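**Student:** Assemble the whole structure, with the sequences as input and the hints as a guide.
Chains as they are written, first to last, in the numbering used here: chain E, 14 to 282; chain A, 14 to 282.
Since the hints were derived computationally from the structure, they do not count as laboratory data. Being a predicted model, the structure only gives us computed values, none of them experimental. Watch out, some of these pointers could steer you wrong.
One copy or any two copies: either way a pair holds, since identical chains are not told apart in the list.
Claimed, not checked - List time: in silico SDA-like cross-link candidates among lysine to any residue, alpha-carbon distance up to 20 Å:
#  : residue 1 : residue 2
1  : 174       : 151
2  : 161       : 253
3  : 161       : 179
4  : 174       : 157
5  : 161       : 44
6  : 161       : 265
7  : 174       : 48
8  : 174       : 155
9  : 174       : 255
10 : 263       : 124
11 : 174       : 154
12 : 174       : 231
13 : 161       : 282
14 : 206       : 248
15 : 63        : 104
16 : 161       : 256
17 : 63        : 273
18 : 174       : 261
19 : 129       : 111
20 : 161       : 268
21 : 263       : 239
22 : 174       : 110
23 : 129       : 103
24 : 129       : 38
25 : 81        : 256
26 : 174       : 85
Protein chains: 2
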Amino acid sequence: MAERGWGWARAVRGLLLDVSGVLYDSGADGGVPIAGSAEAVRRIKASGLKLQLCTNETQATREHFVRKLRAMGFDVSVAEVTAPAPAACRLLRERGLRPHLLVHDDLVPEFAEIDKTNPNCVVLGDAAENFTYANLNEAFQLLIGMEKPVLISLGKGRYYKETDGLKLDVGAYMKALEYACDVQAEVVGKPAKRFFESALAELGVPAEQAIMIGDDIVSDVGGAQQCGMRALQVRTGKYRPSDEHHPEVKPDAYVNNLAEAVDIILQQL
Amino acid sequence: MAERGWGWARAVRGLLLDVSGVLYDSGADGGVPIAGSAEAVRRIKASGLKLQLCTNETQATREHFVRKLRAMGFDVSVAEVTAPAPAACRLLRERGLRPHLLVHDDLVPEFAEIDKTNPNCVVLGDAAENFTYANLNEAFQLLIGMEKPVLISLGKGRYYKETDGLKLDVGAYMKALEYACDVQAEVVGKPAKRFFESALAELGVPAEQAIMIGDDIVSDVGGAQQCGMRALQVRTGKYRPSDEHHPEVKPDAYVNNLAEAVDIILQQL
Chain E
14 MAERGWGWAR
24 AVRGLLLDVS
34 GVLYDSGADG
44 GVPIAGSAEA
54 VRRIKASGLK
64 LQLCTNETQA
74 TREHFVRKLR
84 AMGFDVSVAE
94 VTAPAPAACR
104 LLRERGLRPH
114 LLVHDDLVPE
124 FAEIDKTNPN
134 CVVLGDAAEN
144 FTYANLNEAF
154 QLLIGMEKPV
164 LISLGKGRYY
174 KETDGLKLDV
184 GAYMKALEYA
194 CDVQAEVVGK
204 PAKRFFESAL
214 AELGVPAEQA
224 IMIGDDIVSD
234 VGGAQQCGMR
244 ALQVRTGKYR
254 PSDEHHPEVK
264 PDAYVNNLAE
274 AVDIILQQL
Chain A
14 MAERGWGWAR
24 AVRGLLLDVS
34 GVLYDSGADG
44 GVPIAGSAEA
54 VRRIKASGLK
64 LQLCTNETQA
74 TREHFVRKLR
84 AMGFDVSVAE
94 VTAPAPAACR
104 LLRERGLRPH
114 LLVHDDLVPE
124 FAEIDKTNPN
134 CVVLGDAAEN
144 FTYANLNEAF
154 QLLIGMEKPV
164 LISLGKGRYY
174 KETDGLKLDV
184 GAYMKALEYA
194 CDVQAEVVGK
204 PAKRFFESAL
214 AELGVPAEQA
224 IMIGDDIVSD
234 VGGAQQCGMR
244 ALQVRTGKYR
254 PSDEHHPEVK
264 PDAYVNNLAE
274 AVDIILQQL
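**Tutor:** This is the structure in structure tokens:
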């Protein structure tokens, strides 16, 4: 990416960063950092720019997630993470909903304070190995038995990249249940506008002074742009060359990785 | 269902019958026959009407399936069964496709003669317990790695009824893979027109002289009507009262069960 045409970046005061595929590649082994990303996070903080991680990660609590990132060398805190589970808890409380959870075991503690007796909705996360036929059927039977089924999905990603290859994400299972029950899920997480607005509120910067950096052309780039942000796609993580011909979404710029994005942005300031 | 308004049934020369939900309710215990259905099959045959079973059953070979039906008292033979797997084998041969199978273990023998080395498509059936996260990921990774992914789905049912409740059908998993890979599956089985045409050819009766009897408002009734057949919905199996307000499909008549359908049809002859 040439540095020409980045004049708009001069107004930037804060960055929203996707995590998996931008900071690190996840995997059964815990994942591996993407070269230059830990240093890039340090440089963002040293520059005075604000930083918030905006992730659809639902395989662990934020506490656990941040511990893992810190062990990989990332200088981040729990308060710097905007994630779907806490946003879903707010929504459940507001509407008096009692969820049946089909989520990863390690995410369950995020819902510790929520009444889960006699469920009147289903909350779907990236349950990974918990996506058995028996578990998906249980969620299906609950939904199809409701007069007006309520399905809340923590993200709608198609797939993500782990160290040993691409993996199905929660969106695929959301579509399965939507079809089986003839309902439309409510998405909490990227690319939902309300979720980006929460992340911006936590960042403390208005949309027009924020840049989203992510590897997902639809959830990260498209979602952020619809909220009035600029958005960059990194060529790491789940990025595929065909993304550059996406019929609907065009990033404000492509960068090879987070380190390059930070280089160029800091040069504009 | 009153017997008035059935004048059109006088032209009938053959019946296509759905199986699960019409002849019997399936289940882990092998399933239970629906009252009066075995006798109804005998009466159809005694009347001289032709009969063909037109099923999306993909949890067993036709041989195994017919053995089970005969054990429940149904006088049917393998030649009287039109099922998706043999139709899929014809399609695979015609197009030189080598499938990766994500199907029920008991269906695998139907594909014994098909070259499955170095797969260039995925065939999806009602795999039930085989729908693990690992297996769905394997199918997904194969598809996403193809230049032009080919997904063949043996039916697209949303769910079916077993003796212990409603169960997710292959269509839900088809939607999951369609979304994850951004492809459209080719459906072999009801409601595909080509599949009904095969069943009519095997029945040996033109569409306008055939009646389809099924419990699925979309796959059975809608599919058959689009081929120019009359179609009845039984109030057994997965039938739900809300089907009677379906926005797109209206059966030629409702009947409480197969026995009642046969009673009324035979009275017209």
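**Student:** Now tell me, hint by hint, if it's right for this structure.
**Tutor:** Structure-based check of each hint:
In the homo-oligomer, the alpha carbons of residue 174 and residue 151 lie at most 20 Å apart only across protomers (14 Å), although the nearest pairing inside one protomer, at 28 Å, exceeds that limit. In this assembly of identical chains, residue 161 and residue 253 lie within 20 Å of each other by CA distance solely across copies; the values are 15 Å between and 39 Å within a copy. In this assembly of identical chains, residue 161 and residue 179 lie within 20 Å of each other by CA distance solely across copies; the values are 17 Å between and 34 Å within a copy. Only between protomers do residue 174 and residue 157 lie at most 20 Å apart by alpha-carbon distance; the minimum there is 12 Å, versus 32 Å within a single protomer.
In this assembly of identical chains, the alpha carbons of residue 161 and residue 44 never lie at most 20 Å apart, being 40 Å within a copy and 30 Å across copies at closest. For the homomeric pair residue 161 and residue 265, neither the shortest alpha-carbon distance inside one copy (40 Å) nor that between copies (29 Å) is at most 20 Å. In this homomeric assembly, residue 174 and residue 48 come within 20 Å of each other (Cα to Cα) only inside a single copy, at 16 Å, whereas the closest approach across copies is 52 Å. Within a single copy, residue 174 and residue 155 get their C-alpha atoms only as close as 31 Å, which misses the 20 Å cut-off; across copies the closest is 15 Å, which meets it.
For the identical chains of this complex, residue 174 and residue 255 are intra-copy neighbours only, at 16 Å inside a copy versus 41 Å across copies, given an alpha-carbon limit of 20 Å. Proximity of residue 263 to residue 124 under the C-alpha cut-off of 20 Å is found in neither arrangement, the shortest distances being 36 Å within a copy and 44 Å between copies. In this homomeric assembly, residue 174 and residue 154 come within 20 Å of each other (Cα to Cα) only across copies, at 11 Å, whereas the closest approach inside a single copy is 31 Å. Within a single copy, residue 174 and residue 231 get their C-alpha atoms as close as 15 Å, which meets the 20 Å cut-off; across copies the closest is 37 Å, which misses it.
In this assembly of identical chains, the alpha carbons of residue 161 and residue 282 never lie at most 20 Å apart, being 52 Å within a copy and 44 Å across copies at closest. Proximity of residue 206 and residue 248 under a CA criterion of 20 Å is satisfied in neither setting, with 24 Å inside one chain copy and 44 Å between copies. Proximity of residue 63 to residue 104 under the C-alpha cut-off of 20 Å is found in neither arrangement, the shortest distances being 27 Å within a copy and 57 Å between copies. Taking the shortest Cα distances, residue 161 and residue 256 sit within 20 Å of each other only across copies (15 Å), while inside one copy they are farther apart (37 Å).
For the homomeric pair residue 63 and residue 273, the shortest alpha-carbon distance inside one copy (18 Å) is at most 20 Å, but the shortest distance between copies (72 Å) is not. In this assembly of identical chains, the alpha carbons of residue 174 and residue 261 never lie at most 20 Å apart, being 22 Å within a copy and 40 Å across copies at closest. Only within a single protomer do residue 129 and residue 111 lie at most 20 Å apart by alpha-carbon distance; the minimum there is 5 Å, versus 47 Å between protomers. Taking the shortest alpha-carbon separations for residue 161 and residue 268, neither the intra-copy value of 45 Å nor the inter-copy value of 27 Å comes in at or below 20 Å.
In this assembly of identical chains, the alpha carbons of residue 263 and residue 239 lie at most 20 Å apart only when taken from the same copy (12 Å versus 41 Å across copies). For the homomeric pair residue 174 and residue 110, neither the shortest alpha-carbon distance inside one copy (32 Å) nor that between copies (28 Å) is at most 20 Å. Taking the shortest Cα distances, residue 129 and residue 103 sit within 20 Å of each other inside one copy (14 Å), while across copies they are farther apart (50 Å). Taking the shortest Cα distances, residue 129 and residue 38 never come within 20 Å of each other, neither inside one copy (33 Å) nor across copies (33 Å).
Proximity of residue 81 to residue 256 under the C-alpha cut-off of 20 Å is found in neither arrangement, the shortest distances being 29 Å within a copy and 50 Å between copies. For the identical chains of this complex, residue 174 and residue 85 are intra-copy neighbours only, at 18 Å inside a copy versus 49 Å across copies, given an alpha-carbon limit of 20 Å.
Of the numbered hints given earlier, the model fails hints 5, 6, 10, 13, 14, 15, 18, 20, 22, 24, 25; all others are met.
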